[in-house]
Amino acid sequence: MALLDIQDLTVTIPGSTRYAPPVRLLDGVSLTLASGGTLGLVGESGCGKSLTALAILGLLPDGLRAEGAIRLDGEDLLTAGERRLCALRGRRVAMIFQEPMTALNPVRTIVDQVAEGPRRHLRLSRRAAREHARAVLHRVGLDPSRVSPDQYPHALSGGQRQRVVIAIAVACGPALLVADEPTTALDVATQARILDLVRDLVQGEGMALLMISHDLGVIAETARDMAVMYAGQVVEAGPTARVLAGPRHPYTSGLMAARPQRAGQPGAPLPAIPGAVPPPDARPPGCPFADRCARADTGCRTRPPLGTGPDHRHSVACHHPLEASP
Amino acid sequence: MAWILAQRAVALALTLLAASILVFVVLEVLPGDPALLILGVNAREDTLAALRATMGLDQPAVWRYLTWIGGLLQGHFQNSLTYGVPVDELLAPRLAVSLPLAALSLSLAVALALPLGVLAAARRGRATDTAILALGQLGVAVPNFWLGILLVLLFAVTLHWLPAGGFPGWEAGVGPGLAALILPAVALALPQAAILTRVTRSAVLEVLGEDYMRTARAKGLSRAAALWHHGLRNAMIPVVTILGLQFSFLLAGTIIIENVFNLPGVGRLIFQAISQRDLVVVRDLVVLLAGTVGVVNALVDLSYAALDPRLRHGADGARPDD
Chain C
1 MALLDIQDLT
11 VTIPGSTRYA
21 PPVRLLDGVS
31 LTLASGGTLG
41 LVGESGCGKS
51 LTALAILGLL
61 PDGLRAEGAI
71 RLDGEDLLTA
81 GERRLCALRG
91 RRVAMIFQEP
101 MTALNPVRTI
111 VDQVAEGPRR
121 HLRLSRRAAR
131 EHARAVLHRV
141 GLDPSRVSPD
151 QYPHALSGGQ
161 RQRVVIAIAV
171 ACGPALLVAD
181 EPTTALDVAT
191 QARILDLVRD
201 LVQGEGMALL
211 MISHDLGVIA
221 ETARDMAVMY
231 AGQVVEAGPT
241 ARVLAGPRHP
251 YTSGLMAARP
261 QRAGQPGAPL
271 PAIPGAVPPP
281 DARPPGCPFA
291 DRCARADTGC
301 RTRPPLGTGP
311 DHRHSVACHH
321 PLEASP
Chain W
1 MAWILAQRAV
11 ALALTLLAAS
21 ILVFVVLEVL
31 PGDPALLILG
41 VNAREDTLAA
51 LRATMGLDQP
61 AVWRYLTWIG
71 GLLQGHFQNS
81 LTYGVPVDEL
91 LAPRLAVSLP
101 LAALSLSLAV
111 ALALPLGVLA
121 AARRGRATDT
131 AILALGQLGV
141 AVPNFWLGIL
151 LVLLFAVTLH
161 WLPAGGFPGW
171 EAGVGPGLAA
181 LILPAVALAL
191 PQAAILTRVT
201 RSAVLEVLGE
211 DYMRTARAKG
221 LSRAAALWHH
231 GLRNAMIPVV
241 TILGLQFSFL
251 LAGTIIIENV
261 FNLPGVGRLI
271 FQAISQRDLV
281 VVRDLVVLLA
291 GTVGVVNALV
301 DLSYAALDPR
311 LRHGADGARP
321 DD
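Protein chains in written order, with UniProt numbering: chain C, 1 to 326; chain W, 1 to 322.
Pulled out of the complex, with its shape left as it was, chain W reads as follows:
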């Protein structure tokens, strides 16, 4: 287990290094002068040069990269070009929206997909199975921003149960805060749940055909007990894999959904930073997202080891003879 942890930590560090170099180079190559952006096109050349000097833009690229990364490693963030405050101060309140949103939609997707997938597999070929598959097909096909708009129309505009968008802030209390996150979370979760349901169904179907399931039945376990005690854990590995992959899509989805619902989250911050060419914010956020995906992948790998004892040691040890 410790070996896997060390491996994953090294992989994560390398991912972050690569992501930071990539985003830095891309932003360096792209046209757009931050000083010009701040002062406007009518600024005088000597004023621009002075601003570039105070921003350190006259330094060589390698030096600027090292200052940036060195600062991040010490927890020191540079100032946003448009807001004039360090990126971490921008980030903190937005993470307080985006993290609960991500957690809520992931748990919703899992809570829907696992029971439905298992049920569909247990009732393979019958009406229940067909209905779940059809719903899943629909869920995969519907884009989440459109689903978001439909949800707003039904639950906010027509029924007045939930707010149509915006975020009151956690200061307003947990209830109103959560209420503002429910519709966006559902819009994010349903397409994910649809895919996850199909994966769960096929994973459980595969496990149902395994010899050890028959051994369990021969011990006297009922179909349901055999599935519960012997099937689920074995079926979880492909499900966890897909869940990890879906997390990246979830991050991409929050950028769209936070805009649809006008939520002040990280996704919206990225969107704004890009359109305002706030390169300082963009590069920090890209590294943050890469780090998040890396951490999630490491968690997925660790969960494999927790689920399957065969994956706990690097290599399979020699077997004793009979």
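The shape of chain C in the complex, shown without the other chains:
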């Protein structure tokens, strides 16, 4: 049984007027992640990556409705009560946030903020929880001789703060770690070290990782499997190596072509995907990518594509997928 099994997850927000239909922010997202596995979720801003992450933790903003199923160890989180979710959050599933500058409480010491989870979930005494938190901070690379655990977040650099955020997430040894763009707010050198740390922790502790990023490079480095999201849907999914070697969805191939590393001469413009993601309340009836796709025909604009693929591991939702490269 998969550790995380998301089936047909749809998240809606009520329409802007009383009679307007609800707007679908996520539209039938299905993902699976085995225990100890790594899954990358990639896509442009606004495609629903972060919303998927928040839905897994049951922390969707007020007013949003989730339907479908999110199973963790077979238990459906969408029907679980708030008490049960509180017991699971931080204990079985934990999250690393994007913005280390604002994710920490400015008025509590870092050791305090790390100790809070263990105190609750592992039922440790105040003193034991702090000891545990000190050990976790050391484990994520904050040497107590250089960065005192009794510091407040404002005394730390962005990279150090992100290490604290990671320490909070891994403090109770969760089975699933959701990392939502953990390196986006950091400079390049720090990004690499934080990615190394996440990879090292995941392997060392046997956690499963759901890595969310807009950066294909980050996904390639951290995730064995990947899923590409576009306009609230998963458009292509499969083993990372296979998807990157032979993308079948025109959007995936466009994303890969738009990477700076893949571009030709320095100074030459990057091959951008024309157009923009359709807003959630104005998605076309057919394929959401049709308006930006060179291969689209009239059928693409009227019939939504079904997820099919060359085999059960590599799937693509496209009427005219690219040929697999030989």
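Hint data in this document are derived by calculation from the structure and do not stem from the laboratory.
Glycine included, C-beta positions come from ideal geometry on N, C-alpha and C.
Heads up, a few of these hints could be off.
Unchecked claim - If we take Cβ atoms under 8 Å as the criterion, some of the chain W residues that face chain C in the derived model are:
{"id": "1", "residue": "211"}
{"id": "2", "residue": "214"}
{"id": "3", "residue": "218"}
{"id": "4", "residue": "308"}
Unchecked claim - Residues of chain W placed beyond 10 Å of chain C at every Cβ, according to the derived structure:
{"id": "5", "residue": "27"}
{"id": "6", "residue": "50"}
{"id": "7", "residue": "86"}
{"id": "8", "residue": "107"}
{"id": "9", "residue": "111"}
{"id": "10", "residue": "112"}
{"id": "11", "residue": "142"}
{"id": "12", "residue": "146"}
{"id": "13", "residue": "153"}
{"id": "14", "residue": "154"}
{"id": "15", "residue": "157"}
{"id": "16", "residue": "177"}
To be verified - Facing chain W, a subset of chain C residues (Cβ under 7 Å, in silico):
{"id": "17", "residue": "99"}
{"id": "18", "residue": "103"}
{"id": "19", "residue": "116"}
Given chain C's structure and the hints, the job is docking chain W onto it.
Below, chain W alone, put in the same frame as chain C:
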């Protein structure tokens, strides 16, 4: 922390200096001869001159200012023109009424406003929130002297639960003393609580949207636990700021409320001193009030530092690199 203390002490001294010069100059410029006030309009000119000389009024203004301030600094108060006793002797029994009244109404305002404001924020947009907001609107709109009269009508005249006014003195016991202060304290506190509730509500709402609240929830804290452990302290800074500002209004409010309830407090003393042109009392009291406001502002600044570690050192220190 010591640096902030020193800063605040200097600021307080400067405030007091400015306030004392201002009140002295204003009273100097205003018409009204204290000697004439004491002796009456029918007094003979040589008697008036003699009294002016004994009161030191024939001295130059700068000299009189320096004598006054020098005396205050040594704890030596001049005699009131109407009562003939040093101002501190007038002040002591009245402070024994006004200070408990201020403390009682401030604590009442805080005790009402914090829970209501947090509750309104936690139930944003629901019936509870709307009800608290409506009550708050009413509280802001109602003037406290009118509220005082209504309270007297209900609790003193109709129900006979509490005295309508006057003060029996603390000699009569703590119970009767407090009973006399309850209605005035409520009348002072309710409008303050109304404003403070709104401030608390918006401060908590803002904090609820912060990223660290989501981090707290992702750790497994319930909504209430996250608010309690991570939200409140962050929400307190705007609340404390408003509380400090409200203290000045509270002082102004006591002048009115002590008159409504016939309480022998500092507010009533100021009112009487002004109407009797007792300039010696007026200027001492103005400096006292300025000092009180200054001390409260200093306390507010110190509480910022206690609430938020980022404000503890003058400037933000250099951050170590990763």
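For each hint, the structure was consulted:
no.	hint	result
1	211	holds (4 Å)
2	214	holds (6 Å)
3	218	holds (5 Å)
4	308	holds (6 Å)
5	27	holds (47 Å)
6	50	holds (66 Å)
7	86	holds (47 Å)
8	107	holds (24 Å)
9	111	holds (23 Å)
10	112	holds (25 Å)
11	142	holds (34 Å)
12	146	holds (40 Å)
13	153	holds (44 Å)
14	154	holds (41 Å)
15	157	holds (48 Å)
16	177	holds (39 Å)
17	99	holds (6 Å)
18	103	holds (5 Å)
19	116	holds (6 Å)
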